[in-house]
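K.L.:
Now for the letters of each chain:
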Amino acid sequence: MKYVDSFRDPAIAAPLCDRLKTRGAALAARGGRARIMEVCGSHTMAVGRHGIRQLLPENVTLISGPGCPVCVTAPGYIDAAIALARRGVTIATFGDMLHVPGSEGTLGECRSGGASVEVCYSPRSARDLALARPDREVVFLAIGFETTIAPVVSLVDLALREHIGNLSLLTAFKLVPPALRAVLDDPEIQVDAFLCPAHVSAIIGPRTYEPFARDFRKPCVIAGFEPLDILFGLCAILDQMVEGRASVENLYERVVHEDGNPIARALMDRYLRPVAARWRGLGQLPDSGLMLRDEFVRYDAEKRFDVPVGPGRESPGCLCGEVIKGKRSPLECPLFAQRCTPTDPVGPCMVSSEGTCSAYYKYERRMRA
Amino acid sequence: MCLAVPMRIQEIRPDGMGIGELAGTRHEVDLSLVKAPGVGDYVIVHAGYAIEKLDENEAGERLALFKELADSWQVHSP
Ligand code: SF4
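Read top to bottom, the protein sequences are chains Y and R. So that you can map any letter, position 346 of the first sequence is 346 in my numbering, and since no number is skipped, the others follow by simple counting. So that you can map any letter, position 11 of the second sequence is 380 in my numbering, and since no number is skipped, the others follow by simple counting.
Honestly, the hints are just simulated from the structure, not real lab data. Heads up, none of these hints are tricks.
In silico negatives: residues of chain Y with every beta carbon more than 12 angstroms from chain R:
id : residue
1  : Gly51
2  : Arg53
3  : Arg181
4  : Asp185
5  : Arg245
6  : Leu335
Pairwise CB distance ranges, derived in the manner of DEER restraints:
id : chain 1 : residue 1 : chain 2 : residue 2 : range
7  : R       : Gly385    : Y       : Gly114    : 35 to 43 angstroms
8  : R       : Lys404    : Y       : Val297    : 27 to 35 angstroms
9  : R       : Gly385    : Y       : Asp5      : 29 to 37 angstroms
For lysine to any residue, the following SDA-like pairs were computed, each having C-alpha atoms within a straight-line distance of at most 25 angstroms:
id : chain 1 : residue 1 : chain 2 : residue 2
10 : R       : Lys436    : Y       : Gln54
11 : R       : Lys404    : Y       : Leu160
12 : Y       : Lys303    : Y       : Val275
13 : R       : Lys404    : Y       : Leu158
14 : Y       : Lys362    : Y       : Glu226
15 : Y       : Lys21     : R       : Ser441
16 : Y       : Lys21     : R       : Glu437
17 : Y       : Lys327    : Y       : Leu285
18 : Y       : Lys21     : Y       : Asn59
19 : Y       : Lys303    : Y       : Asp269
20 : R       : Lys436    : Y       : Ser6
21 : Y       : Lys21     : Y       : Arg53
Backbone N, C-alpha and C fix where the C-beta goes; we use that ideal spot for every residue, glycine too.
Work out the full structure: start from the sequences and follow the hints.
P.N.:
Right under this line is the structure:
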């Protein structure tokens, strides 16, 4: 498709790399360096796939942020899902969740033991499952950031309209802006600018990042996932830094509009309310998640089946918590590519294809040498 | 799980569901989250839902701007 391929044009990428070098040098001349957090796991993957990290000047570092919903899911959530599966409920889930370690094991292992765990590409499949088996309770593992929340919560909308009584959600929805705030509040994580997620921004809109630019003086640039998008996004960040500016720039106008996607947000507002959420790595953050409103409590699996979600226990030795915050690189984890690989992951960052550890495993392993 | 891809809407059914085309294959797409979808529009599809339209004019303008910037940098860079 034209508007995908054109954003990969190597003829344009070449002068861009020079530009990055001159801007990096200008920054260095002022004694500066840039630590840029690519918030979203899909950016992490694209950066790896196109070898972008290797094109950067020495004083410009890209660090991966908390933007993989599978990776930030706390082990206690997996424990609750496993407890439900053991009780004879059908668990419907995005595939990645099968391999995320809980305190004791994974849903995949639970399925091998005979539990009913169904992988869905779309949440709509969970509704099909519930319709096909009216004798069974179906619980959808409702995780995700803003991009995924509206599609998932539309399941409740469908269930209400179609009078489906055997479908509910185990919610662990997460919001990106509170995670960015947590990153900025941590004195040990030094981030100078954000490369903001493309499709989360399509829902929430660019204005949401304004406090980070205004109050924290961090440039925030929204970019798509193609190589030119990312390279231009990095140039825009360096421009701001060299000129001593901090503002929100949207370079992905082809998808991200000024007010985001109001239809998706209205749906989220109708069914969900803010709640403190537990993040792997970041801990409990106030108002950083969404849960079903009280009126819809019968669709809330945690209440319906009385399976409280606790903190759980993280895999011993796994540094995912540090990786998620951008404090450590996967290459610093002694288990990386040794005991922990995508086929036998120790932590969630190695499970999801957008996880920082799995992106590094796939594309940047040789840098370790 | 966050994969989102652009598809071209080929068909819209009376129930609001659509058929999107990606690299020659057809996929069922829920169009309820985008405003006034039309056949021929490009949409970004995530988890079976169109989450936003892809505006071709904006894409063309952005690309032209990228080209212009890249050209100017090529000329002026030392
Ligand atoms: S390499 Fe594996 S064990 Fe180490 S931080 Fe990543 S997921 Fe955890």
